[in-house]
Amino acid sequence: MKIFLYFFLSLTVSFFAVTASARTTPADILNSQKSAYDQKVAAYSTDHQQKLAGLSQKITGLNKKITADLGQNMERQGQILEEYIRRNSLEEKSNNGITRNLNEPVENARYWLTFAHEAVAYQAGKIYIFNLTSKSNIKSDTNSTITQLEADINILNSKALKSQKIIKNLVTSRQSPESR
25 MKIFLYFFLS
35 LTVSFFAVTA
45 SARTTPADIL
55 NSQKSAYDQK
65 VAAYSTDHQQ
75 KLAGLSQKIT
85 GLNKKITADL
95 GQNMERQGQI
105 LEEYIRRNSL
115 EEKSNNGITR
125 NLNEPVENAR
135 YWLTFAHEAV
145 AYQAGKIYIF
155 NLTSKSNIKS
165 DTNSTITQLE
175 ADINILNSKA
185 LKSQKIIKNL
195 VTSRQSPESR
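In this text, residue positions in the sequence shown follow the numbering used here: the first is 25, and each later residue adds one.
Read the hints as simulated data drawn from the structure, not as lab findings.
Check each hint, because a few of them may be wrong.
Across the chosen pairs, the derived CB separations fall in these ranges [to be verified]: (1) Asp52 to Arg110: 40 to 48 Å; (2) Asn167 to Lys58: 16 to 24 Å; (3) Ala175 to Glu99: 37 to 45 Å.
List of simulated lysine-lysine pairs, BS3-like, C-alpha gap at most 30 Å [unchecked claim]: (4) Lys82 to Lys183; (5) Lys82 to Lys163; (6) Lys150 to Lys88; (7) Lys64 to Lys88; (8) Lys88 to Lys192; (9) Lys189 to Lys88; (10) Lys58 to Lys88; (11) Lys192 to Lys89; (12) Lys186 to Lys88; (13) Lys75 to Lys89; (14) Lys82 to Lys186; (15) Lys189 to Lys150; (16) Lys58 to Lys163; (17) Lys58 to Lys159; (18) Lys88 to Lys159; (19) Lys89 to Lys183; (20) Lys150 to Lys183; (21) Lys186 to Lys150; (22) Lys75 to Lys64; (23) Lys75 to Lys58; (24) Lys58 to Lys150; (25) Lys163 to Lys150; (26) Lys88 to Lys183.
Treat the numbers as computed from the prediction; the structure is a model and nothing was measured.
Just so it is clear, CB atoms sit at the ideal spot from N, CA and C, and this is done for glycine as well.
Whole structure, please, built from the sequences with the hints as guidance.
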C-alpha cells in the first residue's frame with residue numbers, strides 16, 4: 025500500500041510540476057546590451073576606452089541636468105495648477121483614476137501635467153549605451169546615441185510644453201474670483 029501511495033504521489037507531483045517560464049524584462053535587455061558593450065570595449069585601445077567612458081559620462085550628466093530642470097518645471101506647473109484650484113475654490117472629482125473627463129478643463133490640465141511628469145521620470149531613468157559596430161565606426165556609433173538622446177529630449181520638451189500651454193490656457197481663460 026505504501027509503495028502504491030508513494031508511486032501515485034510521485035506521478036501526481038511530476039504531472040502537476042510547475043514549469044518556470046522566464047520573461048524578458050527591461051533590466052534583462054539593458055544588462056545584455058551592457059554586457060555586449062563591455063565585451064566590445066575591452067578589445068579597444070585604452071585611449072578609445074577612456075574617450076568612450078568620458079562621452080558616456082557626459083551623456084549621462086546632460087540627461088540628468090535636463091530631466092532635473094524639466095522636473096522642476098513640472099513641479100512649478102503643479103503648484104500653479106494647485107493654486108488655481110485653491111483660489112477658485114474648485115473641487116476636483118475623485119474617480120480613483122479609472123476614467124477622466126478630459127472635457128473638464130482642470131481634469132484635462134491635471135492629466136497632461138501627470139503625463140508630462142511621468143515622461144520626465146522615465147527619461148531620467150533612461151541609460152544610454154553605445155551600440156558599437158566596429159572600431160572604425162566609433163564616431164558614427166556614438167553620434168547615433170547622441171542623436172537618440174536629442175530626439176528623446178525633444179519629445180520630452182514637447183510634452184512639457186503641451187502641459188504648460190494647457191495650464192496657461194486654463195489659468196488665463198477663466199475669470200478669477202477677484203475679478204467677478
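Evaluation of the provided hints:
no.	hint	in the structure
1	Asp52 to Arg110: 40 to 48 Å	holds, 45 Å
2	Asn167 to Lys58: 16 to 24 Å	holds, 20 Å
3	Ala175 to Glu99: 37 to 45 Å	violated, 25 Å
4	Lys82 to Lys183	holds, 24 Å
5	Lys82 to Lys163	holds, 15 Å
6	Lys150 to Lys88	holds, 10 Å
7	Lys64 to Lys88	holds, 26 Å
8	Lys88 to Lys192	holds, 27 Å
9	Lys189 to Lys88	holds, 24 Å
10	Lys58 to Lys88	holds, 19 Å
11	Lys192 to Lys89	holds, 25 Å
12	Lys186 to Lys88	holds, 21 Å
13	Lys75 to Lys89	holds, 21 Å
14	Lys82 to Lys186	holds, 28 Å
15	Lys189 to Lys150	holds, 26 Å
16	Lys58 to Lys163	holds, 19 Å
17	Lys58 to Lys159	holds, 17 Å
18	Lys88 to Lys159	holds, 28 Å
19	Lys89 to Lys183	holds, 17 Å
20	Lys150 to Lys183	holds, 17 Å
21	Lys186 to Lys150	holds, 22 Å
22	Lys75 to Lys64	holds, 14 Å
23	Lys75 to Lys58	holds, 17 Å
24	Lys58 to Lys150	holds, 13 Å
25	Lys163 to Lys150	holds, 22 Å
26	Lys88 to Lys183	holds, 17 Å
Violated hint: 3 only; the structure is consistent with all others.
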